[in-house]
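Undergrad: Sequence:
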Amino acid sequence: MNEVFELTYRTLIALIVMFILTKMLGKRQLSEISLFGYISGISIGNIAAYIAMEDDKLWSLGIIALIIWVGVTMLLEYWTLKSKKARNVIDSNRRMLIANGIVLKEALHKERYTVEELLQRLRNKDVYKISDVESASIEANGDISVFLKQDFNPITPNMLGMKIEPEKEPITLIVDGSMELDTMRNNGITEVWLKKQLDTVNLKYEDVFIAQYTIDQTLSLFTQDKRAIEVNLQSEQLTEQKKLEDIKRGLLQTIAYLEQQAKKQG
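UniProt numbering puts the first residue of the sequence shown at 1, with every later residue one more than the last.
Treat the hints as calculated values from the structure; they're not laboratory data. We put the beta carbon where it would ideally sit given N, CA and C, even for glycine. What you were told as hints is all true, and nothing was included just to trick you.
The calculated lysine to any residue pairs, modelled on SDA-like cross-linking and capped at a C-alpha distance of 25 Å, are: (1) Lys204 <-> Asp182; (2) Lys129 <-> Ile144; (3) Lys82 <-> Trp69; (4) Lys196 <-> Thr214.
Distance ranges between label pairs, derived from CB positions: (5) Ser131 <-> Glu111: 18 to 28 Å; (6) Ile20 <-> Lys84: 23 to 33 Å; (7) Glu230 <-> Ser178: 19 to 29 Å; (8) Asp126 <-> Trp79: 29 to 39 Å; (9) Lys129 <-> Gly71: 46 to 56 Å; (10) Ala49 <-> Lys163: 54 to 64 Å; (11) Tyr78 <-> Gly188: 36 to 46 Å; (12) Asn93 <-> Ser178: 44 to 54 Å; (13) Pro166 <-> Gly45: 34 to 44 Å.
Using the sequences and the accompanying hints, generate a full structural model.
TA: Written as structure tokens, this is what we have:
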């Protein structure tokens, strides 16, 4: 029983230390990593496993080794930020695999890339014909960057002389029956307003799995019972505006009539 408790204790310690140190390293470690980042991740994982599983009484030295390794990693990353030469040594430069529409065979061999792997990477970029590619290069993190020939670039509104209004990200207001109060507050949306919109479709916020508000003033609702409902708030606003205009027009007509009557009596 003591062994199980100690194993649990040491595993939790290793997990907590790993979490703190990884947070210190930053999100870069979580993205597609460079060669050094790959080596660093493997080493840190091995040290953490040693801390959790090793039987000897010196397991706490693993914590020190973990801190030292992360410290060295942070120093090297700081060095690469300050020095281009360091970046070239540690992260390596990108290498052209296709230039001027020609596949560079020697570059493929140096990167240990087969033609099949190159074609697969191009397909991942929605490119299915090498003849469509002007240039392609492999980045330090192993990803491929592709630049298409002018004739095969997607048509953009700018090419057609069209001006498009910038599109904003939809605002998520409800997730799994709970209102996202911080998000609502940051975007000037109140609970009263949201509940009022839900009332128009006979829903409570607990009935909604996901609710999103878009820039075109549409409230998209996905309910817990697997229904999709869209509320066009713009049309509602136009209806309210029309009502106000009708009231205003009626008041003006009444005032004009009263003025005419006053003139006749005068």
